[in-house]
Structure formats: C-alpha cells, structure tokens
Amino acid sequence: MGLLNRRRETDGASPELDDARAETDRLRLELDRARSTLDGLPIGVVVVDADGAVVSRNRSASFGRGHSEVLISEAIDRQVRQALDGRESTAAVELFGPPKRVVQVRATPQADGGAYVVVEDISERARLDAVRTDFVANISHELKTPVGALAVLAEALSEETDLAVVHRLAGKMVDEAHRAATSIDDLLELSRIELGGSAVRDPVDVRQALREAVIRSLAAAEQRDIRIDLDEPVEPITVLGDRRQLVSAISNLIDNAVKYSEPGSDVYVSTTREQSRDHAWVGMQVRDRGIGIPAKDLDRIFERFYRVDRARSRDTGGTGLGLAIVRHVATNHEGDVQVTSIEGEGSTFTLRIPVAP
Amino acid sequence: MDELRRTYHDDLSQAKDELVRLAAVVTESIPRATAVLLDGDLEGADYIIRGDDEIDARALDLEEHCYQILALQAPVATDLRQVVALTKMVAEVERSADLLCNICKAARRIYGHELDPKLRGIIARMGEQAQQLYDAAIESFVENDAAKAAAVDDMDSYLDGLQKQFVQAIFESHAAGRIDLQVAVQLAVVARFYERIGDHAVNIGERVRFVVTGWLPEHKGAARFKYRTDVTGEIPRIPAASLPDAADGHD
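Read top to bottom, the protein sequences are chains L and G.
Residues in the first sequence are numbered consecutively from 1, following my numbering.
Residues in the second sequence are numbered consecutively from 1001, following my numbering.
None of these hints come from the bench; they were simulated from the model.
The reader is advised that the hints may include incorrect statements.
Here are some, though not all, of the chain L residues that point toward chain G, as calculated from beta-carbon distances under 7 Å [claimed, not checked]:
#, residue
1, His67
2, Val70
3, Ile291
By construction, the Cβ of each residue, glycine as well, lies at the ideal position given by its N, Cα and C atoms.
With the hints as extra help, turn the sequences into a complete structure.
Here it is in structure tokens:
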C-alpha cells in the first residue's frame, strides 16, 4: 500500500525515475521468464561466477543428498574447475544407482570468466546404442548359425556314400532348417504385430485367453514334470483387443516359465486388478520358481534376440523373440509388461492390459 | 556469530561434506562390486581396486583436516563430539572401501567358475542390503537423526541372516559337486565381507547417536565392567538395579 502510494506521488515528478522503474520492471519480468523457462527444462543448468560460486541453478540441477546425487554434484565441481581454466570439458558419470543411469556433465567457459554447466541424463541414449549394436550381432548369430550348419552338412552330404551317415546328416539338416524356419516365422510374426498396431479391437474374455494359453503349454510342461496352476479370476474380465495376439503373448510367458523351471516345480498363472482414478487394469501374471534372471539383464530381456545365456539358449530351443513379441502385444493394447526376478528363486512376469470400459 | 566461530563452522561443514562424498563413492561401489562378482567383470574389478588409492588419500586428508580443527579451534560439547566422531567415521568408510576391493579380488580368484542361480541370488540381495544400510547410515549422519541411526542396527540383522543363508547354500552347492572347495571358501569369505560392510554402516550409525546423545553402545559394557570391579573391590558405587542388563547382547 505504502509503496503504491509513494509511486503515485512521484508520478510525473521525475520522468527519468519513472523510466528507470519501468525498465527495472521489464528486466525483472524477463528474468522471471528466463528463470521459469530454465526450471521447466529436463536438463540441469548451473551457472557459476569467475570464483566458482554458484550464481544460479535450475530445478533439474537441485540435487539432494542421496549418494548418486552427491556424486553428480562432485562431477559438476570437477568440470567447473576445468571450465574456469578456460577449457570446455565433458564427463559421463556412470552410476550403478539404483536406478542405474548415465549422466553427462558438460561445462562451458563464459566471456565474463565464469562458466555454465549442463547436466543431462543420457541413460536412454546409452541403452539404445547398446540395443542397436547388440541387435545386429544377435540377429546374425540367430540366422547365420543354422544356415552355416546347413552349408557344412550339405557339403559333407555331397561326398558321402555310406547310407547310414547320409541319413544321419539329412536328419540334422532337417533340424537346422526347422530352426531357421522358426526364427523366420517369429520374425514375421513380430513384424506383423509391430505393423498391425491396434487394428483389432474385439472384446476378449481374459479367463478364456488364459485357459487357451495354459492348454498350449501343457504338453511341454508335462514332459518336464512341471505343474501349471491356473488361478482364474472369480468374475469374468473383458479387455478390448486381438484375441490371437493376447493368447500368443500369455502363452509365450508360460512357455518361458516352463522352460526355465526346475523339473518337478510349479508355474503359477493368476490375475491381478489395479484401479487408478481413470484407469482399470488387469494384470496377467506368470510366476515360476526357476533359475531367475540376473539383475543386469532384467531391463534388456524384452529386446529382440537378446539372450541372457547364449550357451544355454540353444538347448532350450527358443528364437530369442518371445519376449519381444510379448512387449509389442502389450504396447499394441496400450498396456505394458513388467518383470521381477531373483536368481535362484524365480521370476514373475506381469502383462498389464486396460480393462474394457 | 563472530568471525572465529564462523570459520570453525565452515571448516566443520566442509569436513562433513567430504565425509558424505567419500561415503557416496563407497555406497556407489557396493552394487558395482556385486556386478563385478556376478558378471566376472575383470575390468570393473581393476577399476574399483585402483580407485581405492584415491579413497585412501582422501581419507587421510580428511582425518588431518579433523585434527587441524581440533588443534586450532578447540571445539567443545556437541562440536567436539562431532569432530571426534568424524575421525572415527572416516576409518569406517575407508575400511569399507577396502572390503569392496577384497570382494573384487575374490571375483578375480573365482573367475570362470559358474555359480548356482541360488548363490547368485543371495549375493545380489546381500549387495542390495549392504547398500541400503550404508544409505541409511549416511542419511542419519546428514540429518543428525539418532532414531534413524538406531534403525541401522536392526536393518543389519537381515544382512546377517542372508550371510547365514548364503553359507548354507555354499554347503549345498559344494555337496552337490557344483563348486570346488576353493570357490566355496572364497564365497564364504565374500559373504563375510558384505556382512562386515554392514557392520561398518552400523558403526557409523552408532557414531551419529554418539554425536546427538553422547551415548555409545560400549558404555553398557563399560558400566558392567565398572560394576564388576566394584563388587570385587571395596565400595560398590552403582546400585545393581540401575545397571543395563548384560543379556542385552554383546556391545
């Protein structure tokens, strides 16, 4: 009130003063705007003066006292020292977390002798790089191995006169041809699912889908002396989607559970319900008591052709595409797939799909 | 605050910050060492083992910094406890870093040997638990929170339980002929390393309680000792009823 009055008193009295005041207001507004823009950025920005004292930092660069954040702050200090010597410097800080992440810290000298630092989480970029390189290596492994074997077998066959050996070699060639065919089938299935998107939107009864998927895996389970327990939901649950895709996704999960379980153990298939303010989900859960998945592989197993243990994968006979298919089916149905696992205790996969309204 | 006190408090908070930074390196290295062990990552092992020299150097600097504060500022009461506790905590952190190196060296020794999923699972859980203990201990230090510091001790019993479970799993794995005796011994030692890291976190928690309350678990034992000498000596000064129960556990 007092301030307003005083301002009115000086109105017209001193035009220079009014101009200066208007200019100050304008600058303040601009500063506020710049500050709120910086605060809105997902990357951290820290500005220091020539003595290395922090002039300003945006919200993404306000670090707490958790150990990861302490280490990032330390990296910032290190880079700032370099920048104050006039050198632009970048460092990537690899943090084991949890969560595991890679943070890039880049310090740039400024004309006034100070510097600014940009802090950016590049975990996703680093992960995608790894996915890309591994994918090429893995796909050539999966496809070239049977083809290479075929070539060698055919060569041996062409010079073979002993009928018994010819039979044995031919049998092996059939196996390898089947292996290559399965890989190609799965690849085609995957690209169909990827391209198909959300084309089909039929009501699908979750109980029916679960039953069908369990029946598909029964033979394999029996062979390994594994019991599949299906705990059906009491009330029918309906989701909208492609019935064939959903059954194939659940069946992939059950197949894996059977494959990696100890003989004599059980696989437990059940459903969970989740309700948030504007969404209802059904989680189709497959739990096994198998060997489990190492923590470092957990976020990568849904990649195409990713193998936790390459040596073992040939025995279990999968193509390395099963979980990639599951993930795509989940995405197509606006859902997701999650996994928790402890080595030696087992894994639980949950396929979450929105419930039909 | 007069100028002298301000320098002192700046000095002390700098020392505290450095301890938090050192502890952050250790906390971060726990999952790193676990990954080294589980993935047979020799490069990672080398990284941690070489990094220990820097931790040693920084721990020494920090310790000297504390002595300097003691000598030049002569702090009293809580402040004195604060500085003394810091010198003790530096040793705990430094020793924990050594234990992580030992885990990496064990990883080198058992390189190429496959471990049962069950063993791997328990190793992963011991690593997680040790890290949680360290996080909690440092959090209590940063926040000067005696209640949180006291909780670290209870959290540690879970890690102790895992260690026992792990040793049992080693016996089973060895009996089934899946691991050699040499690997079994290395693994048992590794479990001990994790358990010790947990103990160091508990010690840090106890130092935090000491700063806040002036109490140390050793006081219980010391009081018992005093009582015993009194009854065998001449005048028992402390009535037996006011003594802490000896069956409370060893302190």
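Hint check:
Interface hint status for L:His67: upheld, as the beta-carbon distance to the closest one in chain G is roughly 4 Å, under 7 Å. A least Cβ separation of about 4 Å between L:Val70 and chain G falls short of the 7 Å threshold, and the interface hint therefore holds. Hint on L:Ile291 holds. Least Cβ distance to chain G is approximately 4 Å, under the 7 Å limit.
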